[in-house]
Amino acid sequence: MPSKVMDKLKGFRDFYPEEMRQRRRIFNVCREVSRLFGYEEISFPSIEPLELFRVKSGDQILDQTYSFRDKGARELTLIPEATPSVSRMLAERKDLPRPVRWFSLEKYWRYEEPQAGRTREFYQYNGDLFGPYSELADAEIIGLAGSILDNLGLGGKYEFHVSHRKLMENILLKLGAPRPADVLPVIDRFHKIPESASVEKLEQAGIRSDGLDTLVRMLKARVNLETVDSFLGNAGLDIAGLPEVEWLKMVGMLLKPYSVKNVIFDASIVRGFAYYTGTVFEAFDLHEENRAILGGGRYDNLVSVISGTSIPAIGFGMGDVVLELVMKASGVWTATEGELIAAVCFASEDCVTYALDLASQLRKHGIPALISPESRSLSSQMKDASRHGARFALIVGEKEKERGTVTVKRMSDGSQKTVTIGEAITVLTGELNHSGE
RNA sequence: GCCGGGGUGGGGUAGUGGAUAUCCUUGGGGACUGUGGAUCCCCGGACCCGGGUUCAAUUCCCGGACCCGGCCCCA
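The letter at position 99 of the first sequence is residue 99 when you use the working numbering, and the numbering goes up by one with no holes.
To be clear, the hints were calculated from the coordinates, so they are not data collected in a lab.
Hints are supplied without guarantee of correctness; some may be wrong.
[To be verified] Calculated cross-link-like contacts (lysine to any residue; reagent style SDA-like; alpha-carbon spacing at most 25 Å): (1) LYS107 <-> ILE61; (2) LYS174 <-> ASP213; (3) LYS256 <-> LEU36; (4) LYS192 <-> LEU36; (5) LYS174 <-> VAL199.
[Stated by the list, open to error] Label-pair restraints from in silico Cβ distances: (6) ASN28 <-> GLY156: 20 to 30 Å; (7) SER412 <-> GLY153: 20 to 30 Å; (8) VAL216 <-> PRO97: 19 to 29 Å; (9) ASN433 <-> VAL216: 25 to 35 Å.
Backbone N, C-alpha and C define an ideal beta-carbon position, used for all residues, glycine too.
Produce the entire structure from the sequences given, and follow the hints as far as they go.
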């Protein structure tokens, strides 16, 4: 066994037809829901100058990219995410009428250690809305995300956690932190490490001792997003009039008409990176481990950083790896049936032309048809038809050829009937319509 | 980058410091020259890689890559 030749790269996956079928179904749902929301699909290069990602992320994150130098000594990378590329595309087309609604479904690469829910190559759905700076825009993006989850069969099995970057920075500032941005990583990790450790780090970051209790209580709280104003008003913070609070409350109210339920304010949601400027959110799986299925937020400065043109934006990303885990745990990663396939079987070589002609006619009518690519016994052809999941065997021999007929055999029960080709097409077309897919 | 666990045909397994490495399944062919799934027959296919110990390593030891999971990180 030539193992070096056969080995895949660590963290990369093959997809066989039976796995591909499921994945294609998922992708189709994403595309269809996007279409219903008026989002149009875009695509972009898989390799970009490393600089595009350095701009927004910093060097530490670049360690986790598949980057290299090409023959012209340019620093390049396999793209680890969509947002910079999408922002660049947007900035290049100043003629586009806004709002711009785009989505993409591409492969991405990150040089990290694979583990549950993480591979080095993965697919990610990305949806973005450019132009409006409004609560309506935020609600639309969250509504789109929720609608995709619902249509994947996850309705009622997830929960949106929403917060606001600027709001948190304001609160942290009021509580004594001189550089609020530095405290965000501590907030982000609050639920992952012991409370005492978090408190210690918050103290080091400058949070006043009389504010610690308030902050901790706030980080633990889970309140309906619509009631975030009264919750924060009662929290003992002097933030009643902050516009960000009203903003979040409004987003919560606007989400009502969308199918999204379970939207809560969660102050511990800040999202890892620096470019988020406003609303941030994640959808969590309620099933077992509370995994984040998707995440996103408002990034009003990123397009400007890349291109100099300032355009407000909000978007989210959803990877296929965690999604698969969550869907399997919820029992909605269902195996779809194989396609209807008519297998044309010829009884003798004299009928090959007739059989090929029949197969062509079927395909012209949209009926998937396969035919043995070698001259084999009828028995063997039938066996192949059965094993490839053909729903019908269409048998032709001398008799059928002379009369312009075909023997249609239903594989599930063995019943068969000799009919004209026209009748056969009618029958199979009817089957096709009933099979859904 | 770090930590734990794991490896025998495509999948599932038995077993061993030595001889032709077990069984099931899958795959290919056939018995069945105008009818599939059953049965039977034939065939193909494996000890992760490298080093060490040893007369002898698939087996014991060490290292590496890989897989599973965890940490860091999570765009």
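Against the structure, the hints come out as follows:
{"no.": "1", "hint": "LYS107 <-> ILE61", "result": "holds, 18 Å"}
{"no.": "2", "hint": "LYS174 <-> ASP213", "result": "holds, 14 Å"}
{"no.": "3", "hint": "LYS256 <-> LEU36", "result": "holds, 18 Å"}
{"no.": "4", "hint": "LYS192 <-> LEU36", "result": "violated, 37 Å"}
{"no.": "5", "hint": "LYS174 <-> VAL199", "result": "holds, 17 Å"}
{"no.": "6", "hint": "ASN28 <-> GLY156: 20 to 30 Å", "result": "holds, 22 Å"}
{"no.": "7", "hint": "SER412 <-> GLY153: 20 to 30 Å", "result": "holds, 27 Å"}
{"no.": "8", "hint": "VAL216 <-> PRO97: 19 to 29 Å", "result": "violated, 47 Å"}
{"no.": "9", "hint": "ASN433 <-> VAL216: 25 to 35 Å", "result": "violated, 60 Å"}
Hints 4, 8 and 9, counting from the list given before, are not met by this structure.
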